[in-house]
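> If you want the building blocks of each chain, they are given just below.
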Amino acid sequence: MTDQVAEELKDRLSLIESMIAEGRRTTESWGWTFVLWGVAYYIAIASSAFGHSTMAWPVTMIAAAVLSGVIASRTASRHPETTTGRAMMAIWLGMGISVFIVMLSLGFSGRADLHIAVAIIGAMLGSANATSSFILKWKLQFACALVWWTTAAISCFLSETQAGIVFLAAIFFCQIVFGIYCMIAESRKLKARGEGQGASHA
Amino acid sequence: MPDLPELNPVIHGKLRLALLSLLSSVEEAEFTWLRSKTGSTDGNLGAQLLKLEEAGYVGVEKKFVQRKPQTLYRMTESGREALTEYVQALKQLLGSAINA
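Residue numbers (the numbering used here), protein chains in the order written: chain H, 20 to 221; chain G, 745 to 844.
The set of hints was computed from the structure by calculation and includes no laboratory data.
None of the hints are false.
Dumping the calculated DSBU-like pairs for lysine-lysine here, alpha-carbon to alpha-carbon at most 30 Å: (1) H:Lys208 with H:Lys158; (2) G:Lys795 with G:Lys806; (3) H:Lys29 with G:Lys835; (4) G:Lys812 with H:Lys208; (5) G:Lys812 with H:Lys210; (6) H:Lys29 with G:Lys795; (7) G:Lys758 with H:Lys208; (8) H:Lys29 with G:Lys758.
These numbers were taken from a predicted model, which means no experiment stands behind them.
When you get a sec, could you build the whole thing from the sequences and use the hints?
Right under this line is the structure:
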């Protein structure tokens, strides 16, 4: 076997490796959803504080869900479907539906108060962030999970005002700041990677 | 010296090999995504995907999303087996080159 043939075989092997790595690196950009939902929580909190308490959360959550669906459907076609992507979708969709059902039931039964709301939302968001961080092996997201779990736990011991402040702070750090950080990281990755690579000949 | 394996000519093409490798790491992928990852032209990409499809290594699904046509490709089970065999043959050939 000549050196030239051996080199060609090595090229083929490295092409396989690089293409598989390229496919695995393909994760959809979801940083915007954290920001969108963070803003939605703030709108819901502000609306419920200004008197529309029963309908504020369900209306805002439905609006945020519709908006997320519309934006996601417009960007989804640009990305291939991966098992990791589907797992992420399942985690967050499942969490969202669970919180929505529980909060809606509590709201209509008149048994909701801020402590319970913060405890439920904090625990569910902590769980979703933790599961997601285990799959993605992402320590920063696990830190968000810890913040949410802490928020959920301490809200049971604090006054209503204090629980509200802790909840607002957790939303700010784990939704808005984390979301913006994700968006910046995603855009840096895209720029660094660039589009269009070799292998254009049959 | 053991007999050296033959490399599958359908997979051995550089672009076809890149396409199968990409498709092995995702569940399904759109034509435009494959084009951007390989840097290929529409015509060449379509022709190579057709060869893979004819060999039974790739499945194709055409649908409309928001009134726009979308062509999705996914690797078949025989495609996965063929790629695995190709990699094994490649390694065996390289091994024999080192030991020669």
